[in-house]
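Participant: In case you want the letters, here they are:
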Amino acid sequence: MNMQSKTWIEVGTLNDIPRQGARCVKNGDMTIAIFRTTDDRLFALEDKCPHKNGPLSDGIVHDGCVTCPLHNWVISLETGAAQGADEGMSLTFPVKLDGETVLLGL
Amino acid sequence: MTAQKQKLVIVGNGMAPGRMLEHLFEVSDQYEVTIFNAEPRVNYDRIMLSPVLSGEKSYADIIIHGEGWYAEHGITLHQGDKITEIRRHERKVISESGVVADYDKLVIATGSNPFIIPVPGSDLPGVLAYRDLDDTDGMIAAAEKGGRAVVIGGGLLGLEAAAGLKLRGMEVTVIHLMPTLMERQLDTAAGYLLQKELESRGIDVLCEANTKQIIGAEKVEAVELADGRVIDASLVVMAVGIRPNVALAQEAGLEVNRGIVTDATMKTSDPNIYSVGECVEVGGMVYGLVAPLYRMAKVAAEHLAGPSEAAFAHTETPTKLKVTGCDLYSVGDFAEGEGREDIVLRDAQRGTYKRVIIKDNKLIGAVLYGDVADGAWYNQMLVSGDDVSEMRETLIFGQAYQGGGTVDPLAAVAALPDDAEICGCNGITKGMIVKAITDKGLTTLADVRAHSKASASCGTCTNLVEGIMGITLGDDFVIPAAQGMCGCTSHSHGFVRRMIKAKGLKSIPAVMQELEWTTAEGCAKCRPALNYYLVADWPGEYKDDQQSRFINERVHANIQKDGTYSVVPRMFGGITTPDELRAIADVADKYDIPTVKVTGGQRIDLLGVKKEDLIPVWADLNEAGMVSGAAYAKGLRTVKTCVGTDWCRFGTQDSTGLGIKLEKALWGAWSPAKLKLAVTGCPRNCAEATCKDIGIICVDSGYEIVYGGAAGLHIQGTTVLGKVATEEEVMETVCALTQYYRETGFYLERIYKWADRLGYDHIKEVIYDNLDERKAFAERFRYSQDFAQVDPWAERVAGAEAHEFKPLATLNLEAAE
Ligand code: SRM
Ligand SMILES: Cc1cc2nc3c(=O)[nH]c(=O)nc-3n(C[C@H](O)[C@H](O)[C@H](O)COP(=O)(O)OP(=O)(O)OC[C@H]3O[C@@H](n4cnc5c(N)ncnc54)[C@H](O)[C@@H]3O)c2cc1C
Ligand code: SF4
Ligand code: FES
Chain D
1 MNMQSKTWIE
11 VGTLNDIPRQ
21 GARCVKNGDM
31 TIAIFRTTDD
41 RLFALEDKCP
51 HKNGPLSDGI
61 VHDGCVTCPL
71 HNWVISLETG
81 AAQGADEGMS
91 LTFPVKLDGE
101 TVLLGL
Chain B
1 MTAQKQKLVI
11 VGNGMAPGRM
21 LEHLFEVSDQ
31 YEVTIFNAEP
41 RVNYDRIMLS
51 PVLSGEKSYA
61 DIIIHGEGWY
71 AEHGITLHQG
81 DKITEIRRHE
91 RKVISESGVV
101 ADYDKLVIAT
111 GSNPFIIPVP
121 GSDLPGVLAY
131 RDLDDTDGMI
141 AAAEKGGRAV
151 VIGGGLLGLE
161 AAAGLKLRGM
171 EVTVIHLMPT
181 LMERQLDTAA
191 GYLLQKELES
201 RGIDVLCEAN
211 TKQIIGAEKV
221 EAVELADGRV
231 IDASLVVMAV
241 GIRPNVALAQ
251 EAGLEVNRGI
261 VTDATMKTSD
271 PNIYSVGECV
281 EVGGMVYGLV
291 APLYRMAKVA
301 AEHLAGPSEA
311 AFAHTETPTK
321 LKVTGCDLYS
331 VGDFAEGEGR
341 EDIVLRDAQR
351 GTYKRVIIKD
361 NKLIGAVLYG
371 DVADGAWYNQ
381 MLVSGDDVSE
391 MRETLIFGQA
401 YQGGGTVDPL
411 AAVAALPDDA
421 EICGCNGITK
431 GMIVKAITDK
441 GLTTLADVRA
451 HSKASASCGT
461 CTNLVEGIMG
471 ITLGDDFVIP
481 AAQGMCGCTS
491 HSHGFVRRMI
501 KAKGLKSIPA
511 VMQELEWTTA
521 EGCAKCRPAL
531 NYYLVADWPG
541 EYKDDQQSRF
551 INERVHANIQ
561 KDGTYSVVPR
571 MFGGITTPDE
581 LRAIADVADK
591 YDIPTVKVTG
601 GQRIDLLGVK
611 KEDLIPVWAD
621 LNEAGMVSGA
631 AYAKGLRTVK
641 TCVGTDWCRF
651 GTQDSTGLGI
661 KLEKALWGAW
671 SPAKLKLAVT
681 GCPRNCAEAT
691 CKDIGIICVD
701 SGYEIVYGGA
711 AGLHIQGTTV
721 LGKVATEEEV
731 METVCALTQY
741 YRETGFYLER
751 IYKWADRLGY
761 DHIKEVIYDN
771 LDERKAFAER
781 FRYSQDFAQV
791 DPWAERVAGA
801 EAHEFKPLAT
811 LNLEAAE
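Line by line, the protein sequences are chains D and B.
Residue numbers 1 to 106, in our numbering, belong to the letters of the first sequence in order.
Residue numbers 1 to 817, in our numbering, belong to the letters of the second sequence in order.
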């Protein structure tokens with residue numbers, strides 16, 4: 001990926017996203033899942049499992065990872081990398097909070 | 001002393017500027033100091049307001065600088081006079097009462113304002129914040145009148161207020177928006193322990209509770225929650241957070257963000273103005289604990305005194321709760337994440353919990369509950385950044401245990417009281433088992449089963465019985481290893497199920513704490529299992545945890561390989577009507593549903609529905625009288641039927657009617673795995689009853705009930721449970737059998753595997769031969785159905801879990817290159 005200046009885009013508020021859950025942001029053809037952990041940290045991944053494109057936003061969130069709903073691969077929220085013996089990467093995006101507002105860096 | 005002194009003016013007289021002056025006077029006497037303070041008093045220890053509230057200290061005890069101190073240093077202190085304007089170009093400040101003071105250097109230390117949530121009634125008399133001595137005095141006065149205090153906010157301040165008010169004799173309810181207390185400082189496990197401790201002191205704690213309004217005519221009378229609950233209150237304390245007090249600085253045109261922006265020397269955007277305390281934003285952070293504020297104070301003092309290298313740098317500040325007897329300690333970053341390693345030690349017996357987080361061989365965070373003796377030790381390691389790999393193995397045991405320490409796997413069993421029921425089937429307690437072992441000198445599990453009856457039935461308590469043998473017989477008994485549920489625990493499903501009952505565990509964090517889980521939040525294997533066990537064991541009490549359910553059960557449709565969903569409405573007993581079929585056809589047209597298929601379960605599947613369309617599709621199907629077919633559920637799926645006496649020349653009973661009755665009684669029930677039934681009108685078996693989880697075969701003289709069939713991954717014919725004469729008996733027996741399975745099955749264990757494990761003879765004894773048992777199980781099933789038979793589609797059409805179904809935002813930006 002080229003280095004390019006990021007734009008921070010307001011996509012909603014913290015409480016729109018359930019803890020241990022995710023919400024999706026649609027951007028053109030791409031869907032980006034924004035995850036919220038129990039301790040209110042946010043992560044953004046393309047909503048596509050590196051295995052067979054399963055929607056990660058529908059997975060179970062636990063201990064900094066999400067388990068894909070289709071075939072149970074476990075993906076790290078921070079790096080997008082498949083854990084354990086599986087290999088593959090989902091795209092990650094920067095996401096941050098300004099007060100209660102969720103900002104996605106695109 | 002000839003040189004003209006410079007004028008230093010300070011706005012605010014809190015803990016931060018007080019400390020700053022102490023440092024300043026140590027190194028310099030170049031300033032003539034003037035302080036304006038909105039509060040009509042000297043500098044006192046705000047932290048100690050909680051002991052004042054609880055009665056452990058008085059105001060006099062917490063004064064930091066008495067009147068004498070100001071006189072000694074020649075300070076002019078304006079008490080109860082607030083600065084309303086800073087004229088930077090004239091280097092003047094102006095107070096509310098009209099005092100004008102010139103400055104060479106100005107320090108802004110206005111602290112924070114408590115945040116008041118703007119709900120209706122928040123301005124009623126009797127609603128207090130918790131920030132200063134006036135608030136504290138107000139609470140003490142309210143407590144003298146008695147009644148109930150509602151504290152909104154389950155963070156540090158709120159809980160200290162709650163504990164203090166309780167000690168003052170009030171009834172106290174804490175309302176907290178989040179699922180666990182003090183979530184910013186504690187993880188869920190520690191939050192759970194804290195809640196238990198507060199509840200044991202008689203403080204009511206309501207988590208995930210959102211305040212809708214405060215009710216009262218002239219003064220506070222009650223608090224109403226968003227879910228409609230109303231709690232009587234004679235006092236409401238709002239402790240939901242603080243906001244840096246920046247108004248004055250902002251009006252003066254200083255750079256302000258969340259707080260007043262300073263550089264690392266504590267200088268604001270105006271070189272003659274410094275700022276210290278909670279009002280400051282430095283390095284992008286604002287602070288709410290005194291340790292960093294005191295460091296700001298020292299840096300500011302050095303720069304005021306002359307050229308200096310001193311710079312403020314961020315370090316983690318430990319949090320402690322000042323409630324006597326609630327020991328907790330949290331420091332650093334305790335979130336989960338890539339490359340982070342968690343070490344967890346739970347001692348359920350002593351109610352303690354410790355967790356340290358390591359990254360790159362360095363300690364980056366710690367959460368301690370109950371036993372906080374090592375807090376400082378961990379913090380020391382965190383601050384120093386030392387490599388901890390050498391003591392990795394023993395780190396969690398603390399400083400005193402370097403070099404040794406083992407966790408006793410039997411502790412949980414040992415901690416159970418003698419009257420804890422171990423074997424639910426036979427009503428055998430721990431004490432009875434111990435007595436049998438010692439009185440009769442039993443040494444094997446088979447002997448214990450034979451003599452005490454414990455674990456002789458469903459067998460789910462076997463691990464517990466073995467544990468009791470272990471603690472009673474000591475080294476003479478070696479416990480066979482049982483398969484753990486998943487990587488998060490070495491306990492088996494059976495052990496966990498029994499402990500949930502024996503210890504009365506009613507939440508996922510409770511199970512994880514009491515049974516000493518080794519991960520913080522479990523995984524995709526154990527969380528759905530625990531959620532099911534709690535749903536099944538505590539009907540009406542346990543709140544289903546949506547985030548621990550697989551997506552299909554969360555959105556009540558089956559996810560497909562392309563991320564779309566399939567929707568299967570219920571067709572009770574396989575019977576439909578032209579109107580239902582028309583409605584299904586209309587839905588398929590209206591929402592462009594690509595595939596409509598007849599399933600193997602005698603109903604219709606709409607495949608390829610977009611997630612956003614689920615709600616409108618259900619609304620239309622609901623409109624036509626259809627409910628969810630739960631084709632996704634670990635729960636009742638279908639009751640297949642054949643045409644029976646209605647049409648068939650061989651039919652012996654109304655198999656269709658009975659199938660409909662069964663499906664109406666059983667729908668909505670969650671079970672360990674999916675549950676499929678069939679009712680067939682004669683032994684020709686057109687409904688395939690002999691390969692179902694439960695089947696009914698109609699014969700001339702009544703109904704034969706069979707169960708434990710499999711026709712999926714494994715093929716196995718059913719086994720006969722018994723014959724009954726009436727439909728009512730069928731209903732009762734099937735409900736009882738289902739409930740027995742629900743109470744003792746392991747998550748994902750189909751009925752045939754469950755029955756293979758428990759033994760068909762045993763199940764027959766309990767459910768068929770013993771009429772009292774049958775009734776009791778059926779009764780428990782019907783009770784739990786009161787809570788389960790709610791159409792999940794209708795609930796969601798009405799707005800439940802709305803976040804699942806629509807995107808957070810839709811953008812149309814150029815995709816990143
Ligand atoms: C739709 C349907 C096929 C069809 O087009 O007819 C179907 C579809 C699926 N079956 Fe099935 N099964 C369907 C009838 C059956 C039957 C026949 C029956 O019910 O009479 C069986 C054999 C009996 C049984 O239940 O064992 C059956 C045995 C399975 C199994 C093996 C279970 C086992 O323990 O042996 C699985 C896998 C599993 O559950 O882990 C499975 C799993 C699935 C899943 C859920 C696969 C998945 O995880 O995504 C499919 C979901 C499709 C969807 O989204 O709707 N399906 N499946 C049938 C829906 C019945 C209904 O109306 O609810
Ligand atoms: C009940 C309670 C318990 C706490 N417990 C802990 C604890 O256990 N550990 C911990 O580290 N911290 C604790 N804190 C937080 C700690 O007390 C604060 O971080 C600290 O007191 C902030 O100091 P400060 O000097 O920035 O502001 P403050 O102490 O708030 O002082 C600001 C002062 O400025 C005055 N002022 C504001 N505007 C003006 C104006 N325009 N003109 C003149 N005067 C003005 C205000 O009246 C106030 O007196 C607790 C706080 C409370 C309320
Ligand atoms: S048989 Fe296999 S492919 Fe067909 S529906 Fe069942 S699970 Fe899917
Ligand atoms: S698509 Fe995610 S595990 Fe297969």
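Derived by calculation from the structure, the hints in this document are not laboratory data.
Worth double-checking, as some hints may not be accurate.
Claimed, not checked - Distance windows between CB atoms, simulated:
id: 1; chain 1: B; residue 1: THR518; chain 2: D; residue 2: ASP40; range: 20 to 28 Å
id: 2; chain 1: D; residue 1: ASP40; chain 2: B; residue 2: SER384; range: 46 to 54 Å
id: 3; chain 1: D; residue 1: ASP16; chain 2: B; residue 2: ASN257; range: 21 to 29 Å
id: 4; chain 1: B; residue 1: MET285; chain 2: D; residue 2: GLU87; range: 35 to 43 Å
id: 5; chain 1: B; residue 1: SER389; chain 2: D; residue 2: ASP40; range: 42 to 50 Å
id: 6; chain 1: B; residue 1: THR810; chain 2: D; residue 2: ASP40; range: 21 to 29 Å
id: 7; chain 1: D; residue 1: LYS52; chain 2: B; residue 2: PRO683; range: 39 to 47 Å
To be verified - Listed below are the simulated DSS-like cross-link pairs for lysine-lysine, each with C-alpha atoms no more than 27 Å apart in a straight line:
id: 8; chain 1: D; residue 1: LYS6; chain 2: B; residue 2: LYS610
id: 9; chain 1: B; residue 1: LYS298; chain 2: D; residue 2: LYS26
id: 10; chain 1: D; residue 1: LYS52; chain 2: B; residue 2: LYS359
id: 11; chain 1: B; residue 1: LYS561; chain 2: D; residue 2: LYS6
id: 12; chain 1: B; residue 1: LYS561; chain 2: D; residue 2: LYS52
id: 13; chain 1: D; residue 1: LYS6; chain 2: B; residue 2: LYS806
id: 14; chain 1: D; residue 1: LYS96; chain 2: B; residue 2: LYS359
As the list claims (entries may be wrong) - For the chain D half of the interface with chain B, some residues (derived, Cβ under 10 Å), not all of them:
id: 15; residue: LYS26
id: 16; residue: ARG41
id: 17; residue: ASP86
In this text, a Cβ means the ideal position worked out from N, Cα and C, and glycines have one as well.
Participant: The structure should be examined with respect to each hint, and the outcome stated for every one.
Facilitator: Status of each hint after checking the structure:
Hint check: THR518 (chain B) to ASP40 (chain D), Cβ distance near 24 Å, so the stated range 20 to 28 Å holds. For ASP40 (chain D) and SER384 (chain B), the hinted distance range of 46 to 54 Å is not satisfied, since their beta carbons lie about 28 Å from each other. A beta carbon spacing of about 24 Å between ASP16 (chain D) and ASN257 (chain B) agrees with the range 21 to 29 Å that was offered as a hint. The given range of 35 to 43 Å is respected by MET285 (chain B) and GLU87 (chain D), whose C-beta atoms sit roughly 38 Å from each other.
One distance hint, 42 to 50 Å for the beta-carbon pair SER389 (chain B) and ASP40 (chain D), is violated here, with the actual separation near 30 Å. Roughly 24 Å separates the CB atoms of THR810 (chain B) and ASP40 (chain D), a value that falls within the hinted 21 to 29 Å. For LYS52 (chain D) and PRO683 (chain B), the hinted distance range of 39 to 47 Å is satisfied, since their beta carbons lie about 45 Å from each other. The hinted pair formed by LYS6 (chain D) and LYS610 (chain B) fails the criterion: a straight-line CA distance of about 31 Å is larger than 27 Å.
A hinted pair counts as satisfied when its Cα atoms are at most 27 Å apart, and LYS298 (chain B) with LYS26 (chain D) does not qualify at roughly 49 Å. With a CA separation close to 31 Å, the supplied pair LYS52 (chain D) and LYS359 (chain B) exceeds the 27 Å bound. Restraint check for LYS561 (chain B) and LYS6 (chain D): not satisfied, since their Cα atoms lie roughly 33 Å apart, outside the 27 Å limit. Annotation: proposed proximity of LYS561 (chain B) to LYS52 (chain D) holds, straight-line Cα distance about 8 Å (limit 27 Å).
Our distance criterion of 27 Å between C-alpha atoms is met by LYS6 (chain D) and LYS806 (chain B), whose separation comes to about 26 Å. As the CA atoms of LYS96 (chain D) and LYS359 (chain B) are separated by approximately 22 Å, the hinted pair is consistent with the 27 Å bound. Interface hint status for LYS26 (chain D): upheld, as the beta-carbon distance to the closest one in chain B is roughly 5 Å, under 10 Å. Because the beta carbon of ARG41 (chain D) sits about 5 Å from the nearest beta carbon in chain B, less than 10 Å, this interface hint is met.
Nearest Cβ of chain B to the Cβ of ASP86 (chain D): about 14 Å, over the 10 Å cut. The hint is violated.
This entry does not satisfy hints 2, 5, 8, 9, 10, 11, 17, going by the numbered hints stated previously.
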